[in-house]
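Chemist: Knowing the structure of chain B, use the given hints to seat chains D and Y on it.
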Amino acid sequence: METAIFLIFAALALGSAMVVVTHKSPVYATMSLVLTLFSTAVMFVLLGAPFIGALQVLVYAGAIVVLFLFVLMLLNISKEEHQQEGQTVHRWVALLGAGAFIGLVVPLIYRATQSRNAGALTEEFVSIREFARDLFGRYLLQFEIVGLLLLVAVVAATVVARKPPAAPSGVAGADSPISEVEP
Amino acid sequence: MQFELLATAAKMALMLGIFILGVAPIMLWVERRMSAFMQDRPGPNRLGPLGLVQGVADAVKFMFKEDVTPAGADKPLYLMAPALALIPALSTYVVIPFGPDLTVSGKTVPLIVSTGGAGVLIFLALSSLGVYSLITAGYASNNKFSLLGGIRASAQLISYELALTVAVLAALIPAGSFYLPDVVSYQQKHVWMFIPQAIGFLVFLVAMFAETNRLPFDLPEAESELIAGFHTEYGAMRFATFFMGEYISMTALSMLAVTLYFGGWTLPWVHLTGWLGAIVGLTVLLGKVALFMLFYVWVRWTFPRFRYDQLMRLGWKVLLPLAILNLLLVAIATLAGWFPGVG
Amino acid sequence: MSLPHSVPVSWFLVLAALLFAIGVAGALTRRNGIGIFLSIELMLNAVNVELVGYSRLLGERTGQVMVLFVMAVAAAEAAVGLGLFIAVYRQRRTIDVNRLNLMRW
Chain B
1 METAIFLIFA ALALGSAMVV VTHKSPVYAT MSLVLTLFST AVMFVLLGAP
51 FIGALQVLVY AGAIVVLFLF VLMLLNISKE EHQQEGQTVH RWVALLGAGA
101 FIGLVVPLIY RATQSRNAGA LTEEFVSIRE FARDLFGRYL LQFEIVGLLL
151 LVAVVAATVV ARKPPAAPSG VAGADSPISE VEP
Chain D
1 MQFELLATAA KMALMLGIFI LGVAPIMLWV ERRMSAFMQD RPGPNRLGPL
51 GLVQGVADAV KFMFKEDVTP AGADKPLYLM APALALIPAL STYVVIPFGP
101 DLTVSGKTVP LIVSTGGAGV LIFLALSSLG VYSLITAGYA SNNKFSLLGG
151 IRASAQLISY ELALTVAVLA ALIPAGSFYL PDVVSYQQKH VWMFIPQAIG
201 FLVFLVAMFA ETNRLPFDLP EAESELIAGF HTEYGAMRFA TFFMGEYISM
251 TALSMLAVTL YFGGWTLPWV HLTGWLGAIV GLTVLLGKVA LFMLFYVWVR
301 WTFPRFRYDQ LMRLGWKVLL PLAILNLLLV AIATLAGWFP GVG
Chain Y
1 MSLPHSVPVS WFLVLAALLF AIGVAGALTR RNGIGIFLSI ELMLNAVNVE
51 LVGYSRLLGE RTGQVMVLFV MAVAAAEAAV GLGLFIAVYR QRRTIDVNRL
101 NLMRW
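Chains as they are written, first to last, in the numbering used here: chain B, 1 to 183; chain D, 1 to 343; chain Y, 1 to 105.
Just chain B, with the same shape it has in the complex (with noise of 0.2 Å):
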């Protein structure tokens, strides 16, 4: 039961990353990458972190990728500037690097985990009371500091995403919905 979940689920990841780095148009890349998130949050929950599974759906998939298609949509981004995706040469590079990597990688991982077993998944492991214990005990400095990060990074944003004080005319065209949604 727990394998045809793993089965079904691990296809669509693996199809829906394949659509998210082929397809020409990024608003239905953008979509893929929904269904490829939503799919490791249930690899998340059958590896005994349904808190992690949850928060991915709700901070990745429910935020994150919101906010891209927002860029996507301001921006106006269109397919037609992206015929031909990258040269051929490029392309056979990457694909060759890749299969290096999973060539290499695969069966070195495979090997080295397939004769351990996990053990049962105890009710402590799982439990959301005790990853707080570690989160807010152990890890409390680290937590702060990506605090911190968040908070810097949302200045950055704003700052380098508005419009310049005193924009010449003629910059920002008039076609694009950006020029209606600045602060």
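Everything labelled a hint here was simulated from the structure, so no lab data went into it. Since the structure is predicted, the reported quantities are computational estimates derived from the model, not experimental observations. Heads up, the beta-carbon is just placed ideally off N, CA and C, and yes, glycines get one too. Don't take every hint at face value.
Mimicking EDC-like on lysine to aspartate or glutamate, the simulated pairs with C-alpha atoms at most 16 Å apart in a straight line are [claimed, not checked]:
| id | chain 1 | residue 1 | chain 2 | residue 2 |
| --- | --- | --- | --- | --- |
| 1 | B | 24 | Y | 96 |
| 2 | B | 24 | D | 74 |
| 3 | D | 107 | D | 4 |
Part of the chain D face toward chain B, derived, beta carbon under 7 Å [claimed, not checked]:
| id | residue |
| --- | --- |
| 4 | 26 |
| 5 | 115 |
| 6 | 116 |
| 7 | 117 |
| 8 | 118 |
| 9 | 121 |
| 10 | 122 |
| 11 | 125 |
| 12 | 131 |
| 13 | 135 |
| 14 | 139 |
| 15 | 178 |
Modeler: This is chains D and Y only, laid out in the frame that chain B set:
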């Protein structure tokens, strides 16, 4: 394992049945009659006694209307958007408890479809997926008004989602768990959460209205502003699907509000068990949710609409700080031991 | 909640490596700036799966905590990166990385 599967399937069928078969037709009727009552006019009263068959007539009308797809619309996304509105909303019921534990042939069956520990988080995660229907509908319609409406609606949703999440977090602190039956049993033992956490409940209430695009926050679909916003180009059955999705997410959020703040399926001094307890619990839950839905309709026809900048300002500058303040107060109160029964 | 461990963890790790490889191929191939960004998010996601897999294997929760941090960093990076894209688009009206070549030799 077999028994568990069967029990889960039965619970799912029950909850889905209530949702799909119950919510939309009943709400349609309630909305139209109650708004008519508030506006001192009769409302639909021709079809059936008190106009009860009106919903059926509307459904038939929707099914026979011509299905027009705008030229130049992004076909797959255009067709996907109504489904994206419905599916996340329909799946959020899995974490709502609707009765005390049943004992069937020696095994305990908790009356909740998902018995995992991450209850409320799953609810929030699934309801945050509802944003995609707005964005894709607005984008795929090849229409500037739809695009603007879609962007505004989704910006509104993700803004109020924050305040909603923080308010929910504060409500969970006394119970000490994300698992909703724990929250319900805490409220049964001590006090319904809306009393000590009035600020949090207020924030949740306002955010609830904004999350479902209901007045006074329905600018994205307002007729006088953006034609019909993100669902301008959707006719007939597709529009009906958006409609249904909106009602279902209203019901889902009301269920969450009832479970977090009003004691869920419990009544103050009633402690029934077994099948009788289950039926009473379900009825009580549905009754409270019905009151919330009435409140939704009541508010709709009472307040004027918020302008978009007022809306965003309210969400970020008023609700979010209030929610955080509430969280802080609850945390301090829990540490000081003012919440009954918390270690 | 009873979860029999019938799926060996090594399968999850292999899946993560495959996702990572797909992400790398995408980041190297795509011309659209947003497309490259999406491939990077894919890579980060694959790393998350790997981290949780090892966390399960070793019985430590450290991996899960790290995943939380990776998600936060990805969010920060997405915010800043998209801000940069908006700024670049405003100036050059394109985010095709082949055409954003002002600093080339």
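Chemist: Can we keep the residue 135(D) interface hint, with Cβ of chain B closer than 7 Å?
Modeler: holds (5 Å)
Chemist: Residue 118(D) was flagged as interface toward chain B. Is the shortest Cβ-Cβ separation under 7 Å?
Modeler: Given a least distance of 4 Å, the restraint on residue 118(D) holds.
Chemist: Answer holds if the nearest beta-carbon of chain B is closer than 7 Å to that of residue 139(D); otherwise answer violated.
Modeler: holds (6 Å)
Chemist: Is the hint on residue 122(D) kept, meaning its closest Cβ partner in chain B is under 7 Å away?
Modeler: Because about 5 Å separates residue 122(D) from the closest Cβ in chain B, which is inside the 7 Å limit, the hint holds.
Chemist: Next item in the hint list is residue 115(D). Is there a CB on chain B closer than 7 Å to its CB?
Modeler: This hint is violated: residue 115(D) lies away from chain B, its Cβ roughly 11 Å from the closest one there, beyond 7 Å.
Chemist: Check whether the Cα positions of residue 24(B) and residue 74(D) lie no farther apart than 16 Å.
Modeler: holds (14 Å)
Chemist: Just to be careful: measuring from the Cβ of residue 121(D) to every Cβ in chain B, is the smallest value less than 7 Å?
Modeler: Since chain B brings a Cβ to about 4 Å from residue 121(D), closer than 7 Å, the hint holds.
Chemist: Against chain B, run the beta carbon of residue 178(D) and see if the smallest gap drops under 7 Å.
Modeler: Status holds, d = 6 Å.
Chemist: Holds or violated: the hint that residue 125(D) contacts chain B, with Cβ atoms closer than 7 Å.
Modeler: For residue 125(D), the interface hint holds, since the closest Cβ of chain B sits about 4 Å away, which is under 7 Å.
Chemist: Below or equal to 16 Å on CA atoms is what counts here, so check residue 24(B) against residue 96(Y).
Modeler: holds (13 Å)
Chemist: Would the hint on residue 26(D) be counted as holding, given a Cβ-Cβ threshold of 7 Å to chain B?
Modeler: The hint is violated - residue 26(D) has no Cβ within 7 Å of chain B, the shortest such distance being about 30 Å.
Chemist: Does residue 131(D) pass the interface hint, meaning its C-beta sits closer than 7 Å to a C-beta of chain B?
Modeler: Constraint on residue 131(D) satisfied, holds at 5 Å.
The structure fails hints 4, 5 (numbered hints given earlier, in ascending order).
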